[in-house]
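Protein chains in written order, with the working numbering: chain S, 142 to 336; chain Y, 2 to 380.
Treat the hints as calculated values from the structure; they're not laboratory data.
For every residue, glycine included, the Cβ atom is placed at its ideal position computed from N, Cα and C.
Just so you know, not all the hints are guaranteed correct.
Stated by the list, open to error - Once the Cα atoms are required to be at most 27 Å apart in a straight line, the calculated DSS-like pairs of lysine-lysine come out as:
| hint | chain 1 | residue 1 | chain 2 | residue 2 |
| --- | --- | --- | --- | --- |
| 1 | Y | K63 | S | K332 |
| 2 | Y | K360 | Y | K263 |
| 3 | S | K278 | S | K209 |
| 4 | Y | K197 | Y | K283 |
| 5 | Y | K360 | Y | K210 |
| 6 | Y | K283 | Y | K194 |
| 7 | Y | K333 | S | K329 |
| 8 | Y | K246 | S | K200 |
| 9 | Y | K245 | S | K224 |
| 10 | S | K200 | Y | K245 |
| 11 | Y | K333 | S | K200 |
Stated by the list, open to error - Here are some chain Y residues the structure puts well away from chain S; computed CB gaps all over 12 Å:
| hint | residue |
| --- | --- |
| 12 | S138 |
| 13 | L186 |
| 14 | N260 |
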Amino acid sequence: MNNEMPNKTEADHNKNVSQNNNSSKIIKNSADLPEFETNIANMLLDKFDKKLKIIFIKKNRIKVDVHKDNIVEIAKFINQNLKFDHAESVTGVDRPEQNEIEVVYHLGSYDPSISNQILALSTRTVRESIPNPGFDKTRLPSLRDVFYSVEFHERECFEMLGVYFENHPDNRRLLLPEDWADLPPLRKDFKIKGR
Amino acid sequence: MISKLPPGIKVEQKGDNDKIMTLNVGPQHPGSGHMRIIVKIDGDYIVSCDPDPGYVHRGEEKMAEYRNYITNIPHLERPVIHDSCNILYPYCLGVEEILGIEVPERAKYVRVIASELNRCVYTLYWLAIYGIFLGHSTMFMWPAGDRELLIDLLEKLSGARVTHAYFVPGGVRNDMPSNFEDVCLRQINYFEKRIKQYDSIFYSNPILKSRTINTGVLRQNDAIRLGSTGSVLRASGIDFDLRKKEPYDVYDNLDFQTNVLKSGDSYARSKIPWLDMLESCKIIRNALEKIPKSGSVRVKLKPNPKAGNVETYKRVESGRGSLGMYIISNGKPEPYRVKISVGSFRNLICLPYLLKGEKLGNMPAVYWSLNYWPVEADR
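Isolated chain S, as found in the complex:
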């Protein structure tokens, strides 16, 4: 479990779930937290206990943070048991202060019972100060075998932030020119000229 979790979502009106890192406990239903979403979070906590951390529970939205070693296993469980069947987007977020790149999968479902839910599954990887996309330590396991729909999203994430997805069948450039030789453009150290 990654203990150095940045407090980025600790805000006033995000209903944060206080959770002890040493002994994960089932979240109690309270008036603040929506019931249905809490039940989904509890199913995840039941199964994986300390391997994941619930960041927030809001109406129709749950965010879960996992270590990159466990993400494939947890994603498989989410796909098979919780009926989340596709990924809506894959977002890479550069966090130079923590020396990390966060990747957030927004998973959705077409099953009528939970089709209004979005489960955000986030994980982190090392950020290299001088990136060498594909050859450095900025790597994550690909979720393409679990959620087929992430294929193009992960390709975009690789070119925009330099996160190499292992076991992804196709890591070519998608939106950038093939001869792009600058930093990955969505890193914070890539500056727009004149701004």
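Given the structure of chain S, go ahead and fit chain Y onto it with the hints provided.
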């Protein structure tokens, strides 16, 4: 040799497949839009297809990190200027959530009316191109002409024909003009009569049917697995419309249905947006009935509003399916990260799957039926 190549790049081996020919469709070809489709064909049949977007990539997500929540409005609508209200919708909903703003009731109805008008404007433009792709030039002229009706309405509302920049966090930029409700009702009634005629000239046309029925069939479980959205998904028999499933603003008060077809072929995919336009007319009429007759339409924000360390993911149903905005704030006036998740980009993954084994001549019919807008997919 291989070890020095960047990962993921393969050198194509010359083999016995000499009869396979590679064709570049685009990026200047009128049958592709601003993107390139690399197709490999064996005779007349497509063996494999590799979409290559990115020719109109403008870095909207990067630009959004340099501007504050209000100055982001005009450039965030650029990816899809015909549907600019719908692309700003999730952004405004998201910023309202992180800033804690409650939108006035009247503004919610004005937003619904504007976004439904805009959905029709987009769909007509898309339909016009679909018509000309298939060599049906009447179907190019009619929607392009009828689109003017709605553009006039949106011009009355916002002052601009396209790129309205009409939605702002906290409501809409200005109230409706005094006679707007009557004009809108009249135009919509005429418009509905007009688009009903498309059925006889286009959708019942035996030539269109012979070219699109049973071409590019997307089965239901594949539509789910590929994560397709919008009309592509509903044409494959899945009833998923965010206006019903996760109603935003006042959609839960309005009376409408979602359209679902089961066949999943190009014909169904081209028909769903047209059925949605008829549904949009109902929504607009219903909203004009229920709209509060007076009241504010905008909550004034502080200059340079700041949110805390929060994040939000909001999505709406745009003309091309679910459109999500993921906004992360870190306490500064500018957002830390804005991710735009668009329906076009999500539906693009279906293209190689659908074109495999199809005839090359059917490529435009399949490609444009995906309701794909290249500029939006590239962002």
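Here is how each hint holds up against the structure:
| no. | hint | result |
| --- | --- | --- |
| 1 | Y/K63 to S/K332 | holds (9 Å) |
| 2 | Y/K360 to Y/K263 | holds (23 Å) |
| 3 | S/K278 to S/K209 | holds (13 Å) |
| 4 | Y/K197 to Y/K283 | holds (13 Å) |
| 5 | Y/K360 to Y/K210 | holds (16 Å) |
| 6 | Y/K283 to Y/K194 | holds (12 Å) |
| 7 | Y/K333 to S/K329 | holds (15 Å) |
| 8 | Y/K246 to S/K200 | holds (13 Å) |
| 9 | Y/K245 to S/K224 | holds (20 Å) |
| 10 | S/K200 to Y/K245 | holds (16 Å) |
| 11 | Y/K333 to S/K200 | holds (25 Å) |
| 12 | S138 | holds (33 Å) |
| 13 | L186 | holds (32 Å) |
| 14 | N260 | holds (16 Å) |
Comparing the model with each earlier hint shows no violations; every hint is respected.
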